[in-house]
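Counting from 1, one number per residue, gives the positions in the sequence shown under this note's numbering.
Hints are supplied without guarantee of correctness; some may be wrong.
Stated by the list, open to error - Restricting the straight-line Cα-Cα distance to at most 30 Å, the calculated cross-link-like pairs of lysine-lysine (DSS-like) are: (1) K144 to K28; (2) K13 to K141; (3) K75 to K144; (4) K16 to K75; (5) K142 to K13; (6) K16 to K148.
None of these hints come from the bench; they were simulated from the model.
None of these values were measured; they are calculated from a predicted model.
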Amino acid sequence: MGSKKIVDAEETKREKARQLRYKKPIVKDLNLDSIMDALDEISEACYDVQYYIDGDDDTLLNALDGDKDDAYEFKVMFSDLCAECEEMQEDLRNEYLPKYFDLFFAAVGRGQELIGYDVYEHDYYGLSRFEGDLAKEEAVKKMKMLTKDQLIEAAQYCFGVYQAYIGLQHRYDCIRAALDILRDENTGYLKMVKQIDELYTKVYEETEGFRWTHGMQPALREFDRMLESLPQEAWLQ
């Protein structure tokens, strides 16, 4: 009987904690923890890109038509972004953080998914639509308890962090997209060169060093077809 009572007591605690998750709401992708995680991911991605570029410098140079200045500027953009992410992380760890930072966005946001903290499980969980409405009301109620000066401070600080974070995220998305385009274009170009080289070897063998070029050798026909389909820029290299 004693063990059953203990189990029932634990179940009661678990259920009560679940029902009160809405009391500590945050916006799913706009809270201090998620911002720190995103900055970590951007920093790691920048390191990976720098490693890729340093290990394959010719690929970037080919993609940028051999312009060493552009290649250097491209590297610097990733290096600067990585440094700024680390600096922002350090600021968020060390500077004064209002205790209502996460609560602020839960209160003022619209159409954003709120998640609630479960004190029993020590983790955040999704909320139903009804619980989300309760969570929104709870956040607004708590923010209304602040003085006007505190509300102004909250707005200044929270929107400042948001603006800095979104700016870094946008810059990363832009230069990552540019790198992907350059990498894809360059990969396609190198693949085409490799195909031409392989076909050239076959044609050389079939025609005995291009001595017999009037026959119907399959490799020769494929070689001619590929040369005809090359873009104009390929002849300018």
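The hints, checked one at a time:
no. : hint        : in the structure
1   : K144 to K28 : holds, 22 Å
2   : K13 to K141 : holds, 25 Å
3   : K75 to K144 : violated, 47 Å
4   : K16 to K75  : violated, 53 Å
5   : K142 to K13 : holds, 24 Å
6   : K16 to K148 : violated, 34 Å
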